[in-house]
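*Asks:* Below, each chain spelled out in residue letters.
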Amino acid sequence: MRYAAPTSISEATRLLAAEPGQSQILAGGSDILVQLKAGLAEPDLLVDIKRIDGIYDITSEDGGYRIGAAVSGAALGEHAGVKALWPGVVEALELIGSTQVQGRATMAGNLCNASPAADSVPAMIAAQAIARINGPDGERDCPVQDIPVAPGRNSLAKGEFVTSILLPARPANASDAYLRFIPRTEMDIAVVSAGVSLALDDNGICNEAHVAIGAVAATVLVVEEAAKCLIGTKLDDAAIDAMGAACSAAATPISDKRGTVEFRKDVVAVLAKRVAKIAHTRAGAPS
Amino acid sequence: MSNIHVTTTLNGDQVEYLCEPQETLLDVMRDRLDMTGAKEGCGSGDCGACSVTMNGRLVCSCLVLAAEAEGQEVETIEGMADGETLHPLQQKFLDHAALQCGICTPGFLVAAKALLAKNPDPTETEVRYWLAGNLCRCTGYDKIINAVMDAAAEMRGA
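Going down the list, the protein sequences come from chains A and B. Residue numbers for the first sequence follow the numbering used here, beginning at 1 and rising by one. Residue numbers for the second sequence follow the numbering used here, beginning at 1001 and rising by one.
Please note that the accuracy of each hint is not assured.
[Claimed, not checked] Simulated pairs of lysine to aspartate or glutamate, EDC-like, Cα-Cα distance not exceeding 16 Å:
no.: 1; chain 1: B; residue 1: K1118; chain 2: A; residue 2: E78
no.: 2; chain 1: A; residue 1: K158; chain 2: A; residue 2: E11
no.: 3; chain 1: A; residue 1: K50; chain 2: B; residue 2: E1070
no.: 4; chain 1: A; residue 1: K50; chain 2: B; residue 2: D1046
no.: 5; chain 1: A; residue 1: K37; chain 2: B; residue 2: D1046
no.: 6; chain 1: A; residue 1: K265; chain 2: A; residue 2: D241
[Said to hold, decoys possible] Stretches of chain A that chain B covers, calculated by requiring three or more beta carbons in the stretch to come under 8 Å of a beta carbon on chain B:
no.: 7; region: 2-15
no.: 8; region: 18-31
no.: 9; region: 36-46
no.: 10; region: 86-99
[To be verified] Sample of chain B residues with no beta-carbon within 10 Å of chain A, all distances over it, derived:
no.: 11; residue: L1033
no.: 12; residue: L1086
no.: 13; residue: C1138
Derived from the structure by calculation, the hints contain no laboratory data. This structure is a prediction, so every number in the text was calculated from the model and none was measured. Where is the CB? At the ideal position from N, CA and C, for every residue including glycine.
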């Protein structure tokens, strides 16, 4: 394996595109270093993107925030603006690993690693986040939900990598939340997870909702049926129950050592309902 | 395989080394620089025994490539005491018998120091969550938590 640390996006894409063998991106390294050590990844070229100018930046953009691909969970958690605008995304990213892992792990890495249990991904999808991708053909923007395609596989073409993620502007009276189930309190991987983002009109009626559930299918699932149960309501109990049931119906989990199909289908409804209530309260609904 | 030349700052001193691409910062510290304070427990970022700070951020040095340290500022357990004078955290770990076999201790100390730099007055719950990525198989944690709380109180008074 060779190691390269380009200082510009163009140099990075050139290196990636020119590599005849396998190449891998190194951002925070909390997935790739473990995979290298375990022999699960054997790239010929490892491209460290952290010396690229601006890659650690968090910048305001059209009322939202653009998060550089090397911004760690710890750095994002210290950013009052992002935390106020997208608390669910920040709390999801901050659930990953330990304090040590938080010092390095990135949102872009969590997305591209394409684990169905990735904590920040349901929250990012619910937030309608947009990944900026640079590659040999230039720059393109892509909804984050189109990036993971299967466990451990993403949709990026050869030479492409995510350089930043845009958390867009949101209206007043809108918020988001994320929860996961794990059998302990820290340092674990989601058995089931859910992210909800919603907006309320002046009368407190939900006029926009996005629901994403994790670890219950090969990729994080967007559950439009669940979102529809919330839109047009004040999130009364019947609406919330219907939303939970829609999540349960959409889930197609596997049974493994961390949870059974039955458990996951049951708990995804419980979590989604709790998350919707938290987002609702954060959006300014009377609690 | 071509070696990579790295210049970095370790505990305030400029250090140069040659490393292979896949070598971790932990490997280089222990095997090339004779700095064996940081321990390899799991090698996969789960145990925290290899904790160091890089530019003030707490990280596992087993999850950092040695090549990534180029131009960075790394602080390790070796930089914690001031000559013969122990850091308050080190002294409190002794006072509270917060160690038995000692493998996890350097990681706990570096992690606790990073916490107190950010939050000089943490609650016990905050200490426990901050240190959740540092595993100790001997003490049962209470002595460690007590030592950190006590050191924090002393450092606030100092």
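*Asks:* A separate judgement is required for each hint: does it hold in the structure or not?
*Replies:* Verification of the supplied hints:
no.	hint	result
1	B/K1118 / A/E78	11 Å, holds
2	A/K158 / A/E11	14 Å, holds
3	A/K50 / B/E1070	11 Å, holds
4	A/K50 / B/D1046	23 Å, violated
5	A/K37 / B/D1046	14 Å, holds
6	A/K265 / A/D241	14 Å, holds
7	2-15	holds (count 3)
8	18-31	holds (count 3)
9	36-46	holds (count 4)
10	86-99	holds (count 3)
11	L1033	19 Å, holds
12	L1086	23 Å, holds
13	C1138	19 Å, holds
In the structure shown, a violation is registered for the earlier hint numbered 4 alone.
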